[in-house]
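Can you join these two chains into the complex? Each is in its own frame, and there are hints to help.
For reference, the chains in residue letters:
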Amino acid sequence: MKGITKWRTYGILGVLLLLLFLVPQVVSNIYYLHIINLGGIYTLITIGLNLLSGYTGQVSMGQAGYFAVGTYVSSLLMMNLKFPFWAALLVAVVAAAICGLIIGIPAMKLSGPYLVLATVGFGEIVRLVLLNWTPVTKGAAGLTGIPLPEFMGMRISSEKDFFYLIFIVLLLGTYVAQRLAKSKIGRTFTAIREDELAAEAMGVPVNLYKISAFVISAVYAGVAGALFGSFAGVASPDNFTFDESVAFLSMSVIGGNRSIVGAVIGAFVLTFLSEALRVFQALRLVIYGGILIFTVIYMPKGLYGLVEQGQNWFSRQFLAGKKDYSS
Amino acid sequence: MQYFLNGLPIGAIYALVALSYSLIYAASGVLNWSQGDMVMLGAYLGFTLFQLLNLGFTPALFISMAFVACVGVLVQYFILRPLRERKAPPINVVIATLGVAIITRNIALVIWGPDAQIFSSPVSAKPITLGALSITPQDILIVTVGIGLMLVLQYFLKKTREGKALRAVAQDRYGAILMGIDTQRSDGVAFAASAALGAAAGILVAPIFFVTFNMGAGIGLKGFVAAVIGGLGYIPGAIAGGFFLGIVEAIAGGKISSGYRDAITFALLILVLWLKPSGLFLRKTRQKV
Chain A
17 MKGITKWRTY GILGVLLLLL FLVPQVVSNI YYLHIINLGG IYTLITIGLN
67 LLSGYTGQVS MGQAGYFAVG TYVSSLLMMN LKFPFWAALL VAVVAAAICG
117 LIIGIPAMKL SGPYLVLATV GFGEIVRLVL LNWTPVTKGA AGLTGIPLPE
167 FMGMRISSEK DFFYLIFIVL LLGTYVAQRL AKSKIGRTFT AIREDELAAE
217 AMGVPVNLYK ISAFVISAVY AGVAGALFGS FAGVASPDNF TFDESVAFLS
267 MSVIGGNRSI VGAVIGAFVL TFLSEALRVF QALRLVIYGG ILIFTVIYMP
317 KGLYGLVEQG QNWFSRQFLA GKKDYSS
Chain B
5 MQYFLNGLPI GAIYALVALS YSLIYAASGV LNWSQGDMVM LGAYLGFTLF
55 QLLNLGFTPA LFISMAFVAC VGVLVQYFIL RPLRERKAPP INVVIATLGV
105 AIITRNIALV IWGPDAQIFS SPVSAKPITL GALSITPQDI LIVTVGIGLM
155 LVLQYFLKKT REGKALRAVA QDRYGAILMG IDTQRSDGVA FAASAALGAA
205 AGILVAPIFF VTFNMGAGIG LKGFVAAVIG GLGYIPGAIA GGFFLGIVEA
255 IAGGKISSGY RDAITFALLI LVLWLKPSGL FLRKTRQKV
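As given, the protein sequences belong to chains A and B, one line each in that order.
Position in the first sequence counted from 1, then plus 16, gives you this note's numbering.
Position in the second sequence counted from 1, then plus 4, gives you this note's numbering.
No lab work stands behind these hints, which were simulated from the structure alone.
A couple of the hints might just be wrong.
What the hints assert, rightly or not - Cross-link-like lysine to aspartate or glutamate pairs, in silico, EDC-like; alpha carbons within 20 Å at most:
(1) B/K91 <-> B/D186
(2) A/K198 <-> A/E291
(3) A/K200 <-> A/D211
(4) A/K176 <-> A/E166
(5) A/K317 <-> B/D186
(6) B/K91 <-> A/E166
(7) A/K125 <-> A/E210
(8) B/K91 <-> A/E210
(9) A/K200 <-> A/E210
Chain B with its partners taken away, still in its complex shape (with noise of 0.2 Å):
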């Protein structure tokens, strides 16, 4: 009980990324690697306006955000939509957000330094004692921003008009063009969205880890390992994706040992992958002659 406990916070950070990748993937197809990069952005400014200009932690963490989310716009103009218009392949694609990621990292690298900086928590991280179970405030904040947000990106998608008109093309892009909705202006608003996403899960996660400017790439793939074992794509699955690594986590540190951790959790992936191709969580079958 106390291993599901733990495992929730860094649960609700990973669903934050997996939700962040899976909304790009349904919206526009595409496997956005720069994602946990942008995770890492949003730590950073978190820091800078939070830590060193004395922001209150709320303004920080919707300033950042907003930040964030301007540089997922800049990717997608400037990266995807010529790759689109240019039908380039699927591979193409993964390559170039690869670069947006090399790029992203070093240039954090060359502004805040390869040292790795302490964010120090806005609320206590002293434990508050249920009978048998603890419980930090700090991770009590974070579960709980963190489902605010899910909320949030819910009421996004099903109640507005941008939301509506996200979800139209992930159904059917070519149908949503015949309809008259602006597809490029969808996919930006997914890339917004996502990188939004991602830099409050930076700003979450940062006082747990430390951050650093090569912090991007573990959180990334751990949260697309999330959004891929809810079903890459669907929204409830990648929430439920990334709560379940994050329990699935705490309990192969706690119980077997948390140097094979990592290596635990890929290799119950790929079992993952070999049982149920398409996620845990989704119902789909494969083509056959």
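Only chain A is shown next, with the shape it has when bound in the complex (with noise of 0.2 Å):
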């Protein structure tokens, strides 16, 4: 039963791993792609903040400053030093892992809303430094021209290169969360969401697993905002604000904190969902806050909680009787 399971799991994977392929040559307006493309980057983002949220239980409001770390520290260094798109990628990741460093050590001690307020005090304080710091970050102009991605003699250029480009970096995350969310790791974030005390009390050293998640969800972070530099081609700090982290934590809870494959489902959903809105026009984001405000109160888990019971009723429906406990 369990080796039948296991080979159902990689078809599944193999089906969707081929549908991921043929999206670019389905999806022939530009637009459409450009906006899967964003959403996979926001995808990135939503699952650090899942790791972090969700299951350690750390709510940030804050994560807008680290992509925006993540956006100039590459952008710069190859705008500047000439370096190459994936030595700049890996500066800049480690820019943002130092960040969630400094912002998880004053955070392991806050819970509740102090703790959500020294994450949005650092996503301020962040563009607040790239608005003012105007010789290196061009204040509120922002960067513009910022170089493509060139690996082996391939540059990156169309909305279809991105895509590969932006989905190969985001199935590697996905597939390291997964991994990492079921390991002991995971579960340790777990018990210091459900009862922190416990856990110290079970000899978990929880500061240090709190901390490794603020870093976990910046690196996360860091990799998209490398990818939206190249990506997006400019960006200035009215690509980081407030309501961008309050964004990112909508798709976080929308699509469902406490599991990956939710953080993927929330960032895609609210991503097309926010442009499909432009139909409404003036009324767009009133029609937007009131389906936010809806989810939260009629969908507690999240969309991932529908995936959820939709699974439950297919399994009662037709394996009634052939319960599964080996796994």
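What follows is the structure in structure tokens.
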């Protein structure tokens, strides 16, 4: 039974990969592909945020800060010091991780609204530094002409190229997060969320894990930032406001913040939704806000909760009596 | 000393907004992110009544406070109540109130348009000089009305039936239910009072800044910072935190750099949180194994 389940999982994964590979072949509209790519970048941030706030229970409303650090560090290295994309990405991720460490240290003592505000403060500090450190960051005007990534002589330039780049990184990121969530580290994160004192009493180095969660989420946002810089070609402090952090947190909660798949669902659904609602023009964000409220009231586990319900219903209908106790 | 005086009026505004956060947090344990947009709504209503309909300043102040209080009650009844009944996790409540903020902001954008409106002051903005110091009648008005409202709130909490019920719920929600207090009602009262305080802050701040549809985000955040510096849920702390933040900002903006003023504020906030996680004016020890 276990073997069959395993092969079935591989089969589903294979089909999904094939479908994913075909997306840019089928979606010919550049605008749609652009939105899909943007969704992919936001998914990376949301995955990191789920590990931080869904698993470890540390809510962050400052993810735009790490995202900004990723974008500006990699873009500036490529523009001013002619770094190749991959090296710039690596340095950007290290920079974002250091920021995660810096904010993780005061954050380990905090919880609830106090923690939220500390992360908001971090995000605002980053934005204000970008806005005011004009000699380096060009202030409110922002960076323009951010170089395209080049990889073994291949230049990533079209939306289609970016799709493959972003989705390879995203698949890797999802895989790592999924493994992490199912490992001892993921279980420790959950233990800390459920009862910090009990975890500490069991000998878990709670502070170390809490800081690690911050660093991991910062790494995800940093990677996303480096991709975003080259993908968008321009970046200004307006791309990294408090509202962006709020959007990332909404993606995490709407998708379901206690699973990695939830992050993927939430990020894509809200990115698409926010574009689709453009037909309502001025009322677009009013409807968006209404949908947020409706979802958190009536689907407290997010959209992933619906998926789980669907799965349960499916197994009740078709696998009744054949319950798989082996997994 | 001049910086101290400059910080007072904005400090009074921050204190009012901080109070509105603290009141809701104390009474119902909710972090209400739409508080800043109640400030914006108050400012716009005040602008409409005072500037466009030529009502006096005082009626404009009270009518918009009453109207925004109703909005607060609606938010509590239609959004917070179902969340509480479903025992939603705090993060869902946060997202719901952020949703309210987004809706309020964009409805204001539809009604009043994207342009900044100028709210001309009911009193002169010409500074009065006292030796080396100067202060405008405008600033005096803000500080007196602000302090007046704080006193009214204090009276309401200490002397009236509703206020006492609210404090009882804040101390022990379950105990209050057992004593026959209608917690639903006290939540509604807390939301109404908070929204009204926010609206008052909006009208008072309107002549200093322009009235815009997105003014709420900045003021709301600063008010929240002030509430946390003072100890969230602690009423005297919110007032002290508001004035403290106003004065610190005036000094940081005047002495160091106006561009980095807010960054300095937030850095200070993180430092305060790191050293005294439950605020400057509240004593609370951390649980340890």
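Verification of the hints:
1. B/K91 <-> B/D186: holds, 18 Å
2. A/K198 <-> A/E291: With a Cα-Cα distance of about 34 Å, the restraint between A/K198 and A/E291 is violated, given a limit of 20 Å.
3. A/K200 <-> A/D211: At roughly 16 Å apart (the allowed maximum being 20 Å), A/D211 and A/K200 satisfy the hint.
4. A/K176 <-> A/E166: holds, 15 Å
5. A/K317 <-> B/D186: violated, 29 Å
6. B/K91 <-> A/E166: violated, 51 Å
7. A/K125 <-> A/E210: holds, 16 Å
8. B/K91 <-> A/E210: holds, 16 Å
9. A/K200 <-> A/E210: holds, 15 Å
Of the numbered hints listed earlier, those contradicted by the structure are 2, 5, 6.
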